[in-house]
Structure formats: C-alpha cells, structure tokens
Amino acid sequence: MSDDVILFETERTRVRLWRDDEADRLFDMLRRWEVAQWLGDEPKVMAHRAEAVERIARWRDRFIADPRYGSWAVEGTATGVVAGTVLLVPVPNGDGEVEVGWHFHPDSWRRGLATEAASGALRKGFADGLDVIYAITHTTNDPSQRVCQRIGMRDLGIFHDRWYEGASQIFRVTRTEWDA
1 MSDDVILFET
11 ERTRVRLWRD
21 DEADRLFDML
31 RRWEVAQWLG
41 DEPKVMAHRA
51 EAVERIARWR
61 DRFIADPRYG
71 SWAVEGTATG
81 VVAGTVLLVP
91 VPNGDGEVEV
101 GWHFHPDSWR
111 RGLATEAASG
121 ALRKGFADGL
131 DVIYAITHTT
141 NDPSQRVCQR
151 IGMRDLGIFH
161 DRWYEGASQI
171 FRVTRTEWDA
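Numbering (the numbering used here), first residue to last: 1 to 180.
No incorrect hints appear here.
Quick list of simulated restraints, FRET-style, between CB atoms:
#, residue 1, residue 2, range
1, A127, D4, 19 to 25 Å
2, L156, R111, 25 to 31 Å
3, D4, F159, 35 to 41 Å
4, V81, E51, 17 to 23 Å
5, G40, G157, 16 to 22 Å
By construction, these hints were calculated from the structure, which means they are not laboratory data.
Glycine included, C-beta positions come from ideal geometry on N, C-alpha and C.
Working from the sequences, and respecting the hints, build out all of it.
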C-alpha cells in the first residue's frame, strides 16, 4: 500500500497515513512530556526512535485491516510538515464505541489545526456509517476540551473507570447532531 493515501483535507491540513520517513517527527513529538501526559491510562514519553517506527507500522496495519479507523498524520498544507496526529479508533475496553482524538507537536499548538483535523475526522466517521463518536480527555486537559466544544461535541461530564482507568471528561456527538 502506498504511503500517500490521503484520507481527507481541510482548509489548512491534509490528513494521511504516516510515512516511514517521518519517524523522527513522531518521535520528537511523543518524547515530550507536554504531549505524552495526555495519552492513555499510564502516560509515558517515547524513549527510542524505534518505537516511532513500530508505531507507524502498527497504525498502517490498523488502517489496512479496517480503513474506517486509524491514527493519521496531520500535515500542514502551507508547510508540508506534519503538525500532529488525529485518530478515529474503537475505544479500548468498549462495546463498539468509537473515539476521536488528537495529539500535536508543541510547535503546532494554538493554530486551530487540531480543531480542523478533528472536525474532518468526525466528517469521515459519519460518512463511513458511524452513528456516535466520543472524545475522551483527561479532566485537566482544557485545550482538548475546548477543541471538543468547538467541533460541536456535547460534554457528558466526568466518568470514572468507564473506558480508561481513573477519571475522564467525556464528550459525544451523534450523526443527527452533526448533520443539524
């Protein structure tokens, strides 16, 4: 499969598969605590470049298995540089629920790129037949919660041990709400 698969574009981004030659950029992003602190049950920084290479391969394999889902590179169209990742994936420990998420390199923060990419991911998910999409944030991740609000997701409140251990702020949008 070609690495040049473009999933969707927004006004300022191109969302596509990560390429093998972008492992350095992914490693540079995920080796930073200010990014990694928001990811998963037990956040940790990426310690070795080889982990980035493996992660890109795993993300490609997930997309090949089911192209509705994935963790994709968000490339700034003005620069050609990958700003971050947007994802649309089944929720871990869920019953078929799907979540949208994102993580961006600090040099791409506060530019609205996460909002654009996340909105595009919702559009793709609903076009691919999903009826409901969730976003799951750490309770103190105010920037991501603002993205959720900007893209029209409804704040369901704080849940404990629902899909991830501990407390999470959960947002949701339905296809009907999105289409309204």
